[in-house]
Amino acid sequence: MQTNLENYFSAYRSLKLTRDDDGVLVVQFHSDGGPLTFTAEAHTEVVDAFYRISQDRANKIVILTGAGGDFMTGVDWASFKDVSDPDVWSQIHDEGVQVLENIANIRVPVIAAIEGRAHIHSEYILLSNVIVAAEGASFHDMGHFAAGVVPGDGIFTTWSYRAGAGRAEAFLLNAQPIRAAVAHEWGVVAEVVPDGQALGRAQELARQYLKAPEVARRNTRVHFIWPLKQRIVQEVGYGLSLEGASAAALVKAMQANR
1 MQTNLENYFS
11 AYRSLKLTRD
21 DDGVLVVQFH
31 SDGGPLTFTA
41 EAHTEVVDAF
51 YRISQDRANK
61 IVILTGAGGD
71 FMTGVDWASF
81 KDVSDPDVWS
91 QIHDEGVQVL
101 ENIANIRVPV
111 IAAIEGRAHI
121 HSEYILLSNV
131 IVAAEGASFH
141 DMGHFAAGVV
151 PGDGIFTTWS
161 YRAGAGRAEA
171 FLLNAQPIRA
181 AVAHEWGVVA
191 EVVPDGQALG
201 RAQELARQYL
211 KAPEVARRNT
221 RVHFIWPLKQ
231 RIVQEVGYGL
241 SLEGASAAAL
251 VKAMQANR
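1 is the number of the first residue of the sequence shown in the UniProt record's numbering; add one for each residue after it.
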């Protein structure tokens with residue numbers, strides 16, 4: 001099934017999609033061309049974007065990256081409105097589950113090219129097959145326990161799968177970023193390269209992977225992602241329910257303090 005580029009390549013404010021003649025799709029997260037500050041609009045957009053990317057057989061390799069020297073740096077909390085409202089959280093819950101399932105449903109090799117700060121939604125990155133990080137890159141989870149809510153949106157699932165449960169728990173409880181070298185030591189990052197070279201190296205790997213027959217490429221991704229995909233399906237809906245309860249409690253406490 002081929003998908004008309006006009007249907008989705010220019011449909012999103014927070015994602016820039018470019019694909020070369022060989023079918024290598026670069027998905028760049030951004031806010032007005034700079035590092036992405038995550039918003040409620042972006043939360044909705046990524047669900048649709050990765051669904052369409054996964055459907056489009058013209059995409060032969062997918063590369064995830066950021067803009068302006070970072071991956072994702074912060075959250076516009078106000079854009080999500082009242083997260084203690086069950087109707088609001090219902091949408092956040094559903095989108096949070098769907099985006100991870102849609103990334104996991106991409107049936108071609110996925111590479112992440114990370115420069116600078118990956119401090120929000122690094123679980124998107126960890127659904128890649130290979131992560132290339134610049135020396136100055138750092139990983140953090142500033143949007144959950146550090147902000148007073150449960151890290152239930154898949155970030156524990158992905159980090160515990162890639163790094164081990166003990167490391168993931170310590171990482172998510174500690175409000176400090178880790179460097180690319182540490183993530184490499186943990187087995188999360190595959191390669192550490194000089195600053196400014198992460199995307200170039202990811203594109204080199206894409207060219208290497210393209211030498212394999214298409215069915216081999218597609219089925220290898222399906223095979224490799226399956227154990228993590230199972231955990232996503234089993235754990236993330238429940239985790240987001242726990243996160244929603246903690247978000248409501250946080251709002252209640254903040255209102256009481258006023």
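FYI, nobody ran anything at the bench for these hints, they're computed from the structure. Some hints could be false.
[Said to hold, decoys possible] In the DSS-like style, the derived pairs of lysine-lysine whose C-alpha atoms are separated by at most 30 Å in a straight line are:
#, residue 1, residue 2
1, LYS229, LYS211
2, LYS229, LYS60
3, LYS16, LYS229
4, LYS60, LYS16
5, LYS60, LYS211
6, LYS211, LYS81
7, LYS211, LYS16
8, LYS16, LYS81
In this text the structure is predicted, and so the values were computed from the model without any measurement.
How the hints compare with the structure:
| no. | hint | in the structure |
| --- | --- | --- |
| 1 | LYS229 / LYS211 | holds, 26 Å |
| 2 | LYS229 / LYS60 | holds, 20 Å |
| 3 | LYS16 / LYS229 | holds, 25 Å |
| 4 | LYS60 / LYS16 | holds, 17 Å |
| 5 | LYS60 / LYS211 | holds, 11 Å |
| 6 | LYS211 / LYS81 | violated, 47 Å |
| 7 | LYS211 / LYS16 | holds, 26 Å |
| 8 | LYS16 / LYS81 | holds, 26 Å |
Of the numbered hints stated above, the single one contradicted by the structure is hint 6.
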